[in-house]
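Protein sequence lines correspond, in order, to chains A and B. First residue of the first sequence: 5, per the numbering used here; consecutive thereafter. First residue of the second sequence: 5, per the numbering used here; consecutive thereafter.
Any given hint might turn out to be false.
What the hints assert, rightly or not - If you anchor each label on the Cβ, the simulated ranges turn out as follows: (1) G31/A to A48/B: 17 to 25 Å; (2) V34/B to A48/A: 23 to 31 Å; (3) F109/A to R35/B: 40 to 48 Å; (4) E96/A to W95/B: 23 to 31 Å; (5) L66/A to S37/B: 39 to 47 Å.
What the hints assert, rightly or not - Under the rule of at most 30 Å between Cα atoms (straight-line distance), these lysine-lysine pairs were calculated in the DSS-like manner: (6) K98/B to K63/A; (7) K63/A to K98/A; (8) K63/B to K63/A; (9) K98/A to K98/B; (10) K63/B to K98/B.
Said to hold, decoys possible - Calculated from the model, a selection of chain B residues having no Cβ within reach of chain A, i.e. all distances over 12 Å: (11) E20; (12) R50; (13) W51; (14) S59; (15) L73; (16) D77; (17) W95; (18) G111; (19) E113.
Just so you know, these hints were derived from the structure itself, not from any lab. Ideal Cβ placement from N, Cα and C applies to all residues, glycine included.
Number of protein chains: 2
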Amino acid sequence: MGLYVGSTVINTADVERAIAFWTAALGYIVRSSDATFAVLTDPARRWSNVSLQLSEEPKRGLNRLHLDLYATDREAEVARLEALGATRVPWEYKEGHDHIVMADFDGNEFCVIQSPYTQG
Amino acid sequence: MGLYVGSTVINTADVERAIAFWTAALGYIVRSSDATFAVLTDPARRWSNVSLQLSEEPKRGLNRLHLDLYATDREAEVARLEALGATRVPWEYKEGHDHIVMADFDGNEFCVIQSPYTQG
Numbered sequence: 005m006g007l008y009v010g011s012t013v014i015n016t017a018d019v020e021r022a023i024a025f026w027t028a029a030l031g032y033i034v035r036s037s038d039a040t041f042a043v044l045t046d047p048a049r050r051w052s053n054v055s056l057q058l059s060e061e062p063k064r065g066l067n068r069l070h071l072d073l074y075a076t077d078r079e080a081e082v083a084r085l086e087a088l089g090a091t092r093v094p095w096e097y098k099e100g101h102d103h104i105v106m107a108d109f110d111g112n113e114f115c116v117i118q119s120p121y122t123q124g
Numbered sequence: 005m006g007l008y009v010g011s012t013v014i015n016t017a018d019v020e021r022a023i024a025f026w027t028a029a030l031g032y033i034v035r036s037s038d039a040t041f042a043v044l045t046d047p048a049r050r051w052s053n054v055s056l057q058l059s060e061e062p063k064r065g066l067n068r069l070h071l072d073l074y075a076t077d078r079e080a081e082v083a084r085l086e087a088l089g090a091t092r093v094p095w096e097y098k099e100g101h102d103h104i105v106m107a108d109f110d111g112n113e114f115c116v117i118q119s120p121y122t123q124g
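Kindly generate the complete structure, drawing on both the sequences and the hints.
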């Protein structure tokens with residue numbers, strides 16, 4: 005296949021701050037960056053990139069795309085992400101849910117999922 | 005790192021139709037699906053998953069997250085995606101741009117990028 009999921013691009017009001025958050029959250033490194041766009045990549049090159057794009061558009065409602073971050077220890081990762089500045093989004097969870105809804109400082113929602121699939 | 009980019013979740017008004025489009029677009033296979041949520045995965049397990057989530061929320065403005073699909077032959081992939089039902093989004097491109105802005109049938113924008121990085 006000559007086409008692949010290269011990156012998920014996240015709009016942000018502050019590229020530098022978003023770089024700091026997302027590199028720490030994911031253990032990614034900066035592949036390229038300027039004032040308006042950055043590409044972060046997995047140093048192990050196992051997963052798709054995350055890119056950050058400057059945008060002054062206000063957020064309206066829930067995002068129509070979001071990242072599902074798979075965690076080997078969900079509660080530990082949620083706590084770690086909170087320490088990095090992410091917040092828990094108030095949410096009406098159904099019983100037996102496997103995800104926690106969080107948001108970065110831009111308000112972009114993402115979920116932390118107890119790893120549903122083995123890696124590899 | 006016990007946390008990784010498991011999936012990018014795309015809201016859709018029609019999960020079945022979105023499965024058909026995105027599996028064909030990416031060469032992904034269905035890992036799990038029900039009426040409201042599906043997980044598509046790379047059979048080579050190289051890239052992050054794409055998930056599809058039923059949503060009746062209307063789209064408002066440009067999405068704040070979007071996929072960048074990296075292509076080894078951008079024009080060929082754009083033509084292939086158009087044949088699958090994607091459309092080109094009218095866009096004011098800057099000179100020397102490396103991307104084409106498209107949208108799936110839900111109107112969710114994505115970009116096709118002439119592969120900026122080698123795989124591996």
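Hint check results:
no. : hint                        : verdict
1   : G31/A to A48/B: 17 to 25 Å  : 22 Å, holds
2   : V34/B to A48/A: 23 to 31 Å  : 26 Å, holds
3   : F109/A to R35/B: 40 to 48 Å : 31 Å, violated
4   : E96/A to W95/B: 23 to 31 Å  : 37 Å, violated
5   : L66/A to S37/B: 39 to 47 Å  : 22 Å, violated
6   : K98/B to K63/A              : 25 Å, holds
7   : K63/A to K98/A              : 26 Å, holds
8   : K63/B to K63/A              : 12 Å, holds
9   : K98/A to K98/B              : 46 Å, violated
10  : K63/B to K98/B              : 26 Å, holds
11  : E20                         : 18 Å, holds
12  : R50                         : 7 Å, violated
13  : W51                         : 5 Å, violated
14  : S59                         : 7 Å, violated
15  : L73                         : 5 Å, violated
16  : D77                         : 6 Å, violated
17  : W95                         : 14 Å, holds
18  : G111                        : 9 Å, violated
19  : E113                        : 9 Å, violated
Hint compliance for this structure: hints 3, 4, 5, 9, 12, 13, 14, 15, 16, 18 and 19 are broken, all remaining hints hold.
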